[in-house]
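A.B. asks: Here is how the chains run, residue by residue.
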Amino acid sequence: MPVITLTINDELVSARSGQSILEACRDHDIQLPTLCYLDGLSARGGCRLCLVDVAGSPRLLPACTTEALENMVVTTHNEKIDRYRRMILELTFAERNHTCAVCVSNENCELQSLAAELGMDHVRYDYLNPELNLDTSHERYGVDHNRCLLCLRCVRVCDEVEGAHTWDVMGRGVESRVITDLNRPWGDSESCTDCGKCVEVCPTGALFDKGSSVAEMKKEASFLRRILDGREKRQWQR
Amino acid sequence: MSKTVTIEPVTRIEGHAKITIQLDDNGKVADSRFHVTEFRGFEKFCVGRSFWEMPGITARICGICPVSHLLASSKAGDMILGVRTPAPAVALRRLMNYGQLVQSHALSFFLLSGPDLILGMDADPSQRNIAGLIAADPDLARAGIGLRAFGQKLIRSLGDRSVHPSWAVPGGVRKSLPTEQRDELLKQLPAMYATVDNALDLMKDILDRFSAEIDAYGEFPSLFMGLVAADGGLEHYDGKLRVIDSDGKVLEDSAAPESYQQLIAEAEQNWSYLKFPYYKPLGPEAGMYRVGPLARLNVCDFAGTPKADRELRQFRHYGGQGKPVTGSFYYHYARLIEILFSLERIEELLADEILIDHHIRSQAGVNQNVGIGVSEAPRGTLFHHYRVDDNGILEAVNLIIATGQNNLAMNKTVKQLAERFISGSKLDQGLLNRVEHGIRVYDPCLSCSTHEAGRMPMQIKLISAKGELLDEIERS
Ligand code: SF4
Ligand code: SF4
Ligand code: FES
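Residue numbers (this note's numbering), protein chains in the order written: chain A, 1 to 238; chain B, 1 to 476.
These are calculated hints, taken from the structure and not from any lab test. Just so you know, not all the hints are guaranteed correct.
[As the list claims (entries may be wrong)] Not the full set, but computed from the structure, chain B residues with beta-carbon under 10 Å of chain A: (1) SER50; (2) TRP52; (3) ALA87; (4) LEU111; (5) ALA364; (6) ASN367; (7) GLN368; (8) ASP390.
Virtual Cβ for every residue (Gly too), placed ideally from N, Cα, C.
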């Protein structure tokens, strides 16, 4: 496989051709915040947290969907990028309802830990507080749209890995919502196989095991790499 | 011409309580009102959430007695699941409730009311506070703090945090008590008993010293309500509701807590967010009842543990033959007896092998659409009533809190104090201190009352019937 060389944060690094900037960074232990990206799923470039500066580009580019190219000069952290990332997080918090203290995912939430990591300690925007519902019609799982950030990991894992394609997105902009079986209650879904992959990959308290109490939900998205390696490489490791 | 005295806190984010005392043309107290502007819309915004979250939500929102809400909410959840909660989980929940009683009562007696009780109502305001108490009686203050810390430690051993635990859940509890922590708690018990013994001696001195004014702090006939165990013993977690009148006559016995709506109606007033519950069969006036430590000791036949029963017999002398103790000042004494009782129960439970049983949570879905959970919070009987759809989403929530149930009595107490201590159309520090203490005897779960003695933010206004401000006194 052809190898390319690029500069990330003033260091010369090598990458495989075809890799994204994010993959190249991770191979070299360069940390980048991500939310919608998950190893094993197609990259979507939705959350914009992985924005990086690429010399010569007038805009910041999402590392997860931008291919690493020969001689590229990439900066992953600087004052401006950090500010943008915090702003994106603040907007995410303001868009729906994140009352961490009473959330099933409190203390085990990717959004929450990113906020801590990036030093987002307050929200400068008005909370939209839309009136969104909780669907607990499924026998084993529930979805709380108040906590959903539309990362669409659930949609992708269900389609790409489980092959059920139960999840979709409805509406535009702030009206968007993830839906099951063309907007029927999850419990009425005929396509859902009850596998729970969507719940495990959801970064927040939006998808949860039914019956979870506050701060009880703990998720482990790394199962995905394991089953994909098994499927693709016939390798099973614990 | 009538005049109005208003006592209100200066504006602060916590604590919004205001007292109005209405004088008649002769300068005598005609009426009094204790305005409460907390508890807004709480029940409404839980609608639409799931009942599984309610223990955590209610424990968070009512930060003053989180454990009590946690337990009542979990019990309401148990009923919705409709399955049996494992006995070890019930034992663990009881244990946490006793921890809560100890810590809350210790806070109330030693730290919030202690300075008033020990230094006196007219002590120099710069001394009548926790620092003054520590200066006057360092051992007592330290022991009181230690007692509270013990209760908090017990709660933390179970729920990981002493404030806002989300440990009890519908169907049981999430975590057992680690044996090392059990042993540690057991080791601390003797010192805790010693603290309560000393405090009980002190309490008797206090009753002597305050004898001239005890009857101004809410001495009046009223009903009393509380849970009692199946055998008539003192109970804080389960049991049946009992209501007695001020002659000791039993009006309700063995009433199922789930049927509370037949016993209690809630009146509303436009000057307070806190509702005014009363005993339905007797109406809003004669139906005034008190809950909490005093009520619980009045309604039970006996305590059920040796030390507490010995003390209870002495306590009952203050009521008279077969009659309940009707002075609210005795809430203080009752609190100490309940601490003693809780310590004895904690000792029993910690020694019980049932605590190490690993089955602590029953799993089930929604099997009933209504859940009612009732338990005794430190401040009195607490009701959580939920209606859920088949998926567990809340359609209606009703909470009746202890402080609400004591609302009528608190108002009456303030009136009694005003009658005794208001002189002319002037307001003084003496009245202010006593009104503050009159509210404190109930240990209400209002944020104003979480300020230590002498620090309750208050403002008194004296206003004539025409609306003229005649006098004003305030404390921030
Ligand atoms: S999903 Fe995460 S960020 Fe949102 S409320 Fe829950 S814990 Fe907080
Ligand atoms: S439900 Fe979870 S996984 Fe799905 S879009 Fe919302 S946050 Fe992402
Ligand atoms: S992780 Fe790259 S845009 Fe979300």
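A.B. asks: Now tell me if each hint is right for this structure.
C.D. replies: Hint-by-hint comparison with the structure:
Taking 10 Å as the C-beta contact cut-off toward chain A, the hint placing SER50(B) at the interface holds, the least distance being around 6 Å. Hint status for TRP52(B): holds, given a least beta-carbon distance of 5 Å to chain A, under 10 Å. Here the hint on ALA87(B) is broken, as its CB sits about 21 Å from the closest CB of chain A, past 10 Å. Checking LEU111(B) against chain A by beta carbon gives a least distance of about 26 Å; that is not within 10 Å, so the hint is violated.
For the restraint placing ALA364(B) at the interface with chain A, the shortest Cβ-Cβ distance is roughly 9 Å, inside the 10 Å limit, so the hint holds. Proximity of ASN367(B) to chain A is violated relative to the hint, the smallest CB-CB distance being about 13 Å (cut-off 10 Å). Proximity of GLN368(B) to chain A is violated relative to the hint, the smallest CB-CB distance being about 15 Å (cut-off 10 Å). Using the Cβ-Cβ criterion of 10 Å, the hint placing ASP390(B) at the interface with chain A is satisfied: the shortest such distance is roughly 8 Å.
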